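Visitor: Listed below are the residues making up each chain.
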Amino acid sequence: MLRGRDVLSILDFSREELEELFAETDRVRSNPAAYAGALSGFIMSTAFFEPSTRTRLSFQSAMLRLGGSYIDLGELERSSVAKGENFADTIRMLDSYADVIVVRHRLEGAARYAAEIAEAPVINAGDGRKHHPTQAMLDLYTVRSAKGRVDGLTYGVLGDLRFGRAAASFILALSKYRPRKVYLVSPPLLRARPEVLEVLEKAGVSYEEVSDLDSVLPELDVLYVTRVQKERFPDPAEYEKVKGSYAVTSKSLARAKEDLVVMHPLPRVDEIAFDVDRTRHAYYFEQAKLGVWVRMALLKLILKG
Amino acid sequence: MEDRLIVRKIRNGTVIDHIPAGRSLDVLKILGISGREGATVALVMNVESKKLGRKDIVKIEDRFLKPEEVDKIALIAPTATINIVRDYQVVEKRRVSVPEEIVGILRCVNPLCVSNSPREPITPRIIVVSRQPLKLRCAYCDEEFGEEALSQLVSQ
Ligand SMILES: [Zn+2]
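Line by line, the protein sequences are chains A and B.
Residues 1 to 305 in this note's numbering are what the first sequence spells out, letter by letter.
Residues 1 to 156 in this note's numbering are what the second sequence spells out, letter by letter.
By construction, these hints were calculated from the structure, which means they are not laboratory data.
With a straight-line cut-off of 30 Å between C-alpha atoms, the simulated DSS-like cross-links for lysine-lysine are: (1) Lys-181(A) - Lys-135(B); (2) Lys-241(A) - Lys-181(A); (3) Lys-51(B) - Lys-66(B); (4) Lys-202(A) - Lys-135(B); (5) Lys-181(A) - Lys-257(A); (6) Lys-289(A) - Lys-251(A).
Residues from chain B that keep clear of chain A, each with C-beta distances beyond 10 Å, as calculated: (7) Lys-9; (8) His-18; (9) Leu-25; (10) Leu-28; (11) Gly-38; (12) Gly-53; (13) Glu-61; (14) Arg-86; (15) Lys-93; (16) Arg-94; (17) Val-128; (18) Ser-130; (19) Gln-152.
None of the values given here were measured: they were computed from a predicted structure.
Idealized CB from N, CA, C, for every residue including glycine.
All chains, full assembly: derive it from the sequences and hints.
Guide: Structure below.
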C-alpha cells in the first residue's frame with residue numbers, strides 16, 4: 001500500500017496505512033537482523049535546506065541500518081544552492097542520483113512541489129510551520145508503544161500550537177484515531193490554526209482549548225510538550241508572563257496520573273526540567289529512539305513494499 | 001431593459017451583465033481597460049435588476065474575452081453573464097462559473113509558500129473549497145483563505 005508513496009502530510013495517510021506502518025515497525029524492532037540488508041543497493045538522498053541535524057541523522061541512521069546508503073546535499077553554503085541553483089533544479093539532480101528524497105525546507109509546500117518534479121518518492125522532513133509527517137508517525141507509534149493503543153486516551157498538547165509544525169502534525173494525526181479528549185494548551189496568541197481545528201471537528205474529536213496546564217493535568221494520559229518560542233511573541237513581557245506556566249517539573253507532575261506519558265519532539269530548552277528525566281513519565285528519549293525504527297519501516301515499505 | 005435607455009446598443013463586442021453593484025470598475029481593471037485604448041466602453045452602475053436588486057453592466061465595443069479573463073471575472077463577479085454581440089445581435093450568452101481549480105491567475109496569500117518563490121518555475125494552483133462564501137486552498141502549502149485574495153486581481 002505504501003510502496004512508491006510520497007510522504008507529504010500526515011493527512012494523506014489512512015488509519016489502515018498507519019497501522020500497516022506500525023506493524024512493520026514492530027517487526028523491524030523485534031528482529032532488526034532480518035532487516036539488516038533489506039535496502040541494500042538503494043540510495044536515499046537527504047536535502048535539508050534548513051538545518052535539522054537530529055531529523056537528518058535519524059533518517060540516515062535508519063537507511064544505514066537497512067543496509068542502504070545515503071547521499072547528502074551538504075551544508076547549503078557549500079552546495080550548488082549557494083551558487084544560485086533553484087530548488088526545482090536541485091531536486092531534478094537528486095532525482096537522478098537517488099531512489100528516495102528526504103526534504104526539509106523553510107518554505108511551505110516545498111515537499112509537495114518536489115514531489116511533482118521528482119520521479120522518486122519524496123519524504124517531507126518538515127516544511128515551514130505546517131507539516132512534519134514522519135514526526136507525527138513516530139509520535140503515534142510512541143503512544144501506541146507506551147500505552148498499547150492510541151484510541152480512548154486523554155491528550156494534552158502543550159506549547160506553540162500555531163507555528164510549531166510538530167505540534168500541528170501531532171494534532172492532525174490524532175484526528176485519524178478516536179481520542180477520548182484532546183486539550184490544546186497554549187497562550188491565546190499561539191492557539192492552533194483554524195484549519196487544524198476544523199480537521200478535529202470534521203473527525204468528531206472532542207477537544208478543548210485551554211491556557212493553563214494545571215487544571216487539566218490530572219486527567220491526562222499523554223502530555224505532548226513543545227517549545228514556546230520567545231521570538232513568536234510581539235511583546236517580550238507577554239512571553240515572560242506565560243513562560244513559567246509551561247515549565248513541566250517533577251513537582252508539577254505530582255498531580256498527574258501515575259502512568260502519564262510525557263513526550264517532546266526535542267530539542268527541549270526549559271519547558272521540561274531535567275528532574276523530569278528521572279521520573280517514570282519521561283518518554284521523550286524513548287520517542288527519539290523509536291523514531292529510527294519507524295523511519296526504517298517507512299523507508300522499507302516505500303522502497304520495497 | 002432599462003440600461004438601453006441609458007446607453008445605446010453596441011454593434012460588435014461583449015456585454016458583461018449582472019455584475020454585482022459596484023464591481024464594474026474592478027471588471028474593467030481585470031480586463032486592463034483604462035479608457036485610453038480608444039475602444040468604446042459603456043459603464044452602467046447601480047441599475048435595478050430583478051435578480052440582484054442592483055447591478056452593474058459593462059459594454060465593450062470590438063473586444064472579446066480570453067478564457068483566463070472569464071475565469072478572473074467569475075471570481076470577482078460570480079453572478080455575471082457574458083453576452084457576445086455581433087451586428088447588434090446577441091449571438092452567445094454565457095454564465096461565468098468559478099472553476100474547481102484556479103491555475104496561474106491567483107497567487108497564494110501565504111508569503112512563506114513555495115509557490116510565491118520568485119526563482120522557481122512554479123504555477124500557483126488554488127483549489128476552490130467552497131463558492132459561497134468563497135473559500136480557497138493553496139494546492140502547495142494548504143493555506144486557506146477567502147475573498148481577501150481577490151484584491152490582487154484588480155491591483156495588478
Ligand atoms: Zn500556498
